[in-house]
Amino acid sequence: MDNESALSEEQANFDPTQITRPDPSLMTYYFIVAVLTTIGFFFLILPLVFKYHTLRYKFDDKGVSMSWGVLFRREIYLTYRRIQDIHVTRNIFQRWLGLAEVAVQTASGSAGAEMKIEGIRRPELLRDFLYRQMRGARGETEPQVAGEAAGEPVSDSDEALALLQGIRDDLRGLRQTMEARS
Amino acid sequence: MSGRAERAAAWVYEGLWGVLAQWFRVPKEPPTLPVGAGEEVMSFRPAAGFLSYLKLWFWILCLLIDVGIFIIWVVIFVKSALAGVLLALPALFIAVVPDIFSFVAIHLRYDTTWYVMTGRSLRIRRGVWVIHETTITFENVQNVKVHSGPVQRYFGIANLVVETAGAGGGEGHGKGGAVANRGIIEGVANAPDLRDRIMQRLRQSKTAGLGDEDDHDLRAGAAWTRDHLQALREIREETAALRKADAA
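If you're matching them up, the sequences are chains A and B in order.
Quick note: the first sequence uses my numbering, first residue 1, plus one each step.
Quick note: the second sequence uses my numbering, first residue 1001, plus one each step.
One or more hints might be untrue.
Said to hold, decoys possible - List of simulated lysine to any residue pairs, SDA-like, C-alpha gap at most 25 Å: (1) B:K1244 x A:G166; (2) A:K62 x B:S1205; (3) B:K1244 x A:L171; (4) A:K116 x B:V1026; (5) B:K1244 x A:T177; (6) A:K116 x B:W1129.
These are calculated hints, taken from the structure and not from any lab test.
Model the full assembly from the supplied sequences, consistent with the hints where possible.
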């Protein structure tokens, strides 16, 4: 259980807004992937090198964007609130390098994940960060703050009903006196 | 299997796990989910019936393949006795070694499958070489399906499929559930019970689970705010004054 409390402290110190570039070990991983394809090595290594060098992340308080590419640039932006599910995939090389692929799905119709965040150190911290931003991860079906501020909903519908009835009675009285006069 | 052989098998399996955990970074401990104070966490794995179910298919497949290998070997032996004798050992090797591997793989698959459920979300982890982990909050769940075939029913197990919005994967892609919009809770004995728990959560939820950015008004069912009440009070005062002025 000591392990757990240490993790939560790390979690508190984990700041994804600091992350802009993937970890250098991602290039190692890409290299291994390319080597494993043997004959495909020279075809694969160039796009991967380009991807690694142009990959940028931007985490802000509402969402995350990811961009890469030299000739064909791609940029994906999604908000945390629209995340549907988080998939973390770790193959053996990624585990050795301490990496993971954190795939995030939204409700759009595209097959596969909308965003695959690669090359993040301590991916479980990122996963938990994203999880806590997801809808339903915290108590949201209950109102989070008591309705003290002006714009917050209050459940005082009795007073509202009484006021409405008072207005109705006043208007009815007005109409009756006007009718009696005419 | 005698007691000693069983112990030896368990010892070898333990050792294999040690190697996997040490060298292949296979996590031995169940996954966790961050929870607030006082929230319960349910951590479970497939029912024992799931192991029997997997083993049944294993034995059927084993038997079919090994009988096939044996028949081929007999045909070779009848045609040429020398070739038959020479091929006897390789044939035995082909017949037995893959069986042992897949038997161990079944146990590993069973032991690395974990489901974690809290009142709010679900996390599924499975896999040995490639470890897939899926996290879904119940707020986003669209539907829950329970599947069970006749053989699964015999073992008293069922698969629970929890789906979110989105078209990721599709039915054919769902094997392993890698990056599909669903979580598959395979081989659990209490599938209807789990389904009811999740469905109860869904009914309490006030949103459609599509990532509504601003769902303050949907919460708690209270549509009147302080501003509304204040405006109503002012109208009421106005009408009361009007009536008084009219009567005068």
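Okay, the hints, checked on the actual structure:
Taking the CA atoms of B:K1244 and A:G166, the gap is near 14 Å; set against the 25 Å cutoff, the hint holds. Between A:K62 and B:S1205 the alpha-carbon distance is near 22 Å, which keeps this suggested pair within the 25 Å criterion. Proximity of B:K1244 to A:L171 is assessed by CA-CA distance (about 11 Å); at most 25 Å being required, the pair is judged to hold. Under the criterion of a C-alpha separation no larger than 25 Å, the hint pairing A:K116 with B:V1026 is consistent with the structure, at around 22 Å.
Proximity of B:K1244 to A:T177 is assessed by CA-CA distance (about 11 Å); at most 25 Å being required, the pair is judged to hold. Among the hinted pairs, A:K116 with B:W1129 is consistent with the structure: their alpha-carbon atoms are about 19 Å apart, no more than 25 Å.
Violation of the numbered hints given earlier is absent; every hint is satisfied by the structure.
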